[in-house]
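Engineer: As they're listed, the protein sequences go chains A and B. For the first sequence, UniProt numbering assigns the number 1 to the initial residue and increments by one for each residue that follows. For the second sequence, UniProt numbering assigns the number 1 to the initial residue and increments by one for each residue that follows.
In case anyone wonders, no lab produced these hints; they're calculated from the structure. Source: prediction; values computed, not measured. Ideal placement from N, C-alpha and C gives every residue a C-beta, glycine not left out. Take the hints with a grain of salt, since some may be wrong.
Computed cross-link-like contacts, PhoX-like style, restricted to lysine-lysine with a CA-CA straight-line distance of at most 25 Å [to be verified]: (1) Lys-222/B x Lys-145/A; (2) Lys-319/A x Lys-216/B; (3) Lys-11/B x Lys-62/B; (4) Lys-335/A x Lys-386/A; (5) Lys-283/B x Lys-62/B; (6) Lys-283/B x Lys-259/B; (7) Lys-257/B x Lys-168/B; (8) Lys-416/A x Lys-259/B; (9) Lys-259/B x Lys-386/A; (10) Lys-386/A x Lys-216/B; (11) Lys-319/A x Lys-315/B; (12) Lys-349/B x Lys-93/A; (13) Lys-310/A x Lys-416/A; (14) Lys-216/B x Lys-93/A; (15) Lys-145/A x Lys-168/B; (16) Lys-416/A x Lys-283/B.
Looking from chain A toward chain B, a few residues come up when the C-beta cut is under 8 Å (computed) [unchecked claim]: (17) Gly-32; (18) Thr-88; (19) Asp-89; (20) Cys-125; (21) Ile-126; (22) Ile-130; (23) Ile-147; (24) Thr-178; (25) Ile-181; (26) Ile-184.
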Amino acid sequence: MTTSIFSERKDQVHRKGEQPFQMACDRESLAGAVSQRACVFCGSRVVLYPIADALHLVHGPIGCASYTWDIRGALSSGPALHRLSFSTDLQEKDVIFGGEAKLYQALVELIDRYEPKAAFVYSTCIVGIIGDDLEAVCKRVAEEKGIPVIPVQSEGFKGNKRAGYNAACRAMFRLIGTGDISNISPLSLNILGDFNLAGEIWIIRNYFERMGLETVANITGDGRVDDIRRAHGAALNVVQCSGSTMDLAKMMKEEYGIPFIRVSYFGVEDMAESLYSVARVFEDKDPEIMNRTRALVKEELQELYPQLAKYRESLTGKKAAIYVGGAFKAFSLVKAFRLLGMQVVLVGSQTGTEEDYRELYEITDEGTIIVDDSNPLELSAFLQEKDVDIFVGGVKERPIAYKLGVGFCDHNHERKEALEGFIGMLNFAREVYSTVMSPVWRFVPRRELKKSRRAATESKFEPGIAACSSQA
Amino acid sequence: MLLRHTPKEIKQRKALTINPAKTCQPIGAMYAALGIHSCLPHSHGSQGCCAYHRSTLTRHYKEPVMAATSSFTEGASVFGGQANLVQAIDNIFTIYEPEVIAVHTTCLSETIGDDIPQIARKAEAEGKIPRGKYVIHVNTPSYVGTHVTGFSGMTKAMVDYFSKSNGKKLDQFNIIPGYVEPSDMEEIKRIAEVMGVRTVMFPDTSRVLNRPQTGKYDMFPKGGATVQALMSTGDSLATIALGRMASGAAARALDTKCKVPCEILDLPIGFKATDRFVDTLRKTAGINVPDSLSEERGQLMDIVTDMHQYFYGTKVALAGDPDQLISLTEFLVSIDMWPIHIVTGTVSKDFATRIREITKGVPHQVNVSTPGDMFLLHQWIKNDPVDLLIGNTYMKYIARDEDIPLVRFGFPILDRIGHSYFPTLGYRGGMRLLEKILDATLDRKDRDSPEESFELVM
Ligand code: SF4
Ligand code: SF4
């Protein structure tokens, strides 16, 4: 079997060990490629939508709104306005004569009906073309209704998801600095870049609380407008995930002098290190914080390790492939798989930067394939070539893995279990185990083929396979 | 209480759609194009639309869904997407090697005003389209129409681009199945086969979006109408089009272009509509209905008679596409259920009239809206409650909030399986629908009955 790669894409794929590392990325996708990438609007929507007491109005034709109606399980402990789908549903006459009047009317109606704390108005491709003045309409409504009404410049064609993250950050930045910060503790922080999928932000907030830290704003999982308005009162920004909210942290540093650190809550090593690095920031204000943090980590690990051991035993030596949205997540995944005794043979992302890929190169093993902005043909060819046991990806990757008879774990919108925190590592191990070791793969033709081929060349015995699949 | 934000009081909305009962044209075009064998759908616009359409289809079918995109950037949005599309055509034929590229536009490329046929001609002149390969297209701006119109447009494009007549009639009939599941397409083919009628079906997504696990990933699975079959449709004896909105345009185009006479029928959901389909097939092909099919009908009848007491007066709220809703409403009314709230997001001229006609005998006020959204449907339900909901996955919000059982039917279904394997069309499909309806309503009865009237036998 040949691995097909567009010749133009040759430098977006790297095999570690073949030649010195070099990678082209941050490139626009090739026209005609079956790219797995999404658009600016998608990026903005994903970041802002978890703010549960804000109104999210999609200014555009119906599709853009339909497809983003509650697609990501960003949980809220209170209001759930974000889970409804509001659209100006532009029609032909709006495209010809402009959609400003309709937008104004829609906003007024919605604000009267729901009395939200703020409103975000997303522009889509077509709005960018017909040239509606979003800014002016939003300003007018804000004045009339007395709440912030914020345009999100998320026309899809203006780049990929990363540009959308930036637009979302700029939108939120307009809220920050407008709330009262008088009673915020000096030992305080904002959580950036966590969207509370499967309730993950609650786990993280709990850790910080046990360390004695006040969380001012969740940005944006289980987010609230009033918290974000006060976010500039926090002493530290803790930023997870490379792309989505880094820009906001940078803006807040510049404007308010709030330092930030990059963290990952995924995997044991990264989770512990994240807590320690937060503790180090506050050490001079609270000398005891490090001890509390150590105790916390110790307590969690004591509980976790014995439970991990049994998964590790079965998973050792299995092979994993990773293809995710942002590269930062991939780092943690590589380490987490290593903790489970597994080997990562393919790793890629939709929107990684050169720096990201270099870091991936550093932490992966010889022979690992590193890839930017891949497509299904490439991915499936790599999966087969490397004969992987599990593929970690998103919606569009799942059926490819299953068709090939490979286990799968959704590390994106469709995750059903919390994967962050120490408990998340256990959930992750369980999920990996349940798919990699599932007896269903015994019925899959690919494995049958492989088995018979191997049986012909080697001995008749397959103790590995027989032993693993019998226990669940 | 997810939809706690839905008030009971209904106010006129002017500029707003809340919780849509529709989606945009390109996804319908993409779905139809997947019903051509060895065809790669191509979205001429920015990446986002294509990613959304693929994700939604993937979630609905749990199958890989392939489609390429012109990947518009700012430049393309200002200067037009010609260069992108030409390059895309070249790249696609070089690397993915489909037989057909089916281009649909998006809101963006429509607003810019790209002329697809002209661009395709340019690509052809530059030698970017290999011999024996095809580029077809449909215009699908989403600020007009919905996913149903997109499907209809791409189906018609198959006729416009492929159907030919060389004057010699073939012993075959065209069937245009409508915007239905691959399982339904299979069922329609089976019925025709049982009746001994040779058919060409297009589009045909069976064995494309409900294919078996093979341990292999095929970019182009073996299902789908072949180019050869599509070309031959111009020489068929007649066309039977199912679903006026989704299939009518293609059937009429084929009549105009190749003089193939057509019958445009409702989707065969339930007795009456299936009877009409079978009868039309019988008459046009001049054959008798075989016993085995009559027996299937008899079995459906048997379920209805056995369980009719549970149907009577059950109030139902429906959301979906016009073609489906018309036949489904007719089916429900025919077994004495009361469909009382009906919305579709798709604007359809005769829809309300047809529904009114069908529900004439229902002894209850019937609300119909085209276009309407699920927000409105929810408000109606708050004002006049129902016993059962039928519609796509998004109805589960209403189901949960109002504590009403839901039968999933339509597009998209993101949280259950079955629709791609088990049909709801034809007599057997009717049996499946009734099974689902009875499961839902009787489970509810079991749950809610007080102890003294909780029954073992029902
Ligand atoms: S821009 Fe148009 S085609 Fe694209 S998703 Fe939105 S509505 Fe659909
Ligand atoms: S129209 Fe633009 S904003 Fe909407 S989904 Fe498509 S690419 Fe994204």
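Engineer: Holds or violated: are the alpha carbons of Lys-283/B and Lys-62/B at most 25 Å from each other?
Structural biologist: Not OK: Lys-283/B and Lys-62/B at ~39 Å, beyond 25 Å, violated.
Engineer: Given the hint that Lys-259/B pairs with Lys-386/A, does the C-alpha gap stay at or below 25 Å?
Structural biologist: With Cα atoms ~55 Å apart, Lys-259/B and Lys-386/A exceed 25 Å; violated.
Engineer: Minimum Cβ distance from Ile-130/A to chain B below 8 Å?
Structural biologist: Cβ of Ile-130/A sits 7 Å from chain B, so the hint holds.
Engineer: When you check the alpha-carbon spacing of Lys-349/B and Lys-93/A, does it fall within 25 Å?
Structural biologist: Holds, at about 19 Å.
Engineer: Would the stated hint for Ile-184/A survive a check requiring a Cβ distance to chain B of less than 8 Å?
Structural biologist: violated, 31 Å
Engineer: Take the C-alpha atoms of Lys-283/B and Lys-259/B, compute the straight-line distance between them, and say whether it is at most 25 Å.
Structural biologist: holds, 19 Å
Engineer: Verify the proposed pairing of Lys-335/A with Lys-386/A, using a straight-line Cα cut of 25 Å.
Structural biologist: Holds, at about 19 Å.
Engineer: Do the alpha carbons of Lys-386/A and Lys-216/B lie within 25 Å of each other, as the hint requires?
Structural biologist: Roughly 14 Å separates the two Cα atoms, so the pair holds.
Engineer: Do the alpha carbons of Lys-145/A and Lys-168/B lie within 25 Å of each other, as the hint requires?
Structural biologist: Not OK: Lys-145/A and Lys-168/B at ~71 Å, beyond 25 Å, violated.
Engineer: Classify the hint on Ile-181/A as holds or violated, based on whether any CB of chain B lies nearer than 8 Å to its CB.
Structural biologist: Violated, because the Cβ-Cβ distance from Ile-181/A to chain B comes to roughly 30 Å (cut-off 8 Å).
Engineer: Checking one constraint from the list: CA of Lys-216/B to CA of Lys-93/A, max 25 Å. Satisfied?
Structural biologist: Violated. Lys-216/B to Lys-93/A sits at ~47 Å, over the 25 Å cutoff.
Engineer: Hey, Lys-11/B versus Lys-62/B, does the alpha-carbon distance stay inside 25 Å?
Structural biologist: violated, 39 Å
Of the numbered hints listed earlier, those contradicted by the structure are 1, 3, 5, 8, 9, 11, 14, 15, 16, 23, 24, 25, 26.
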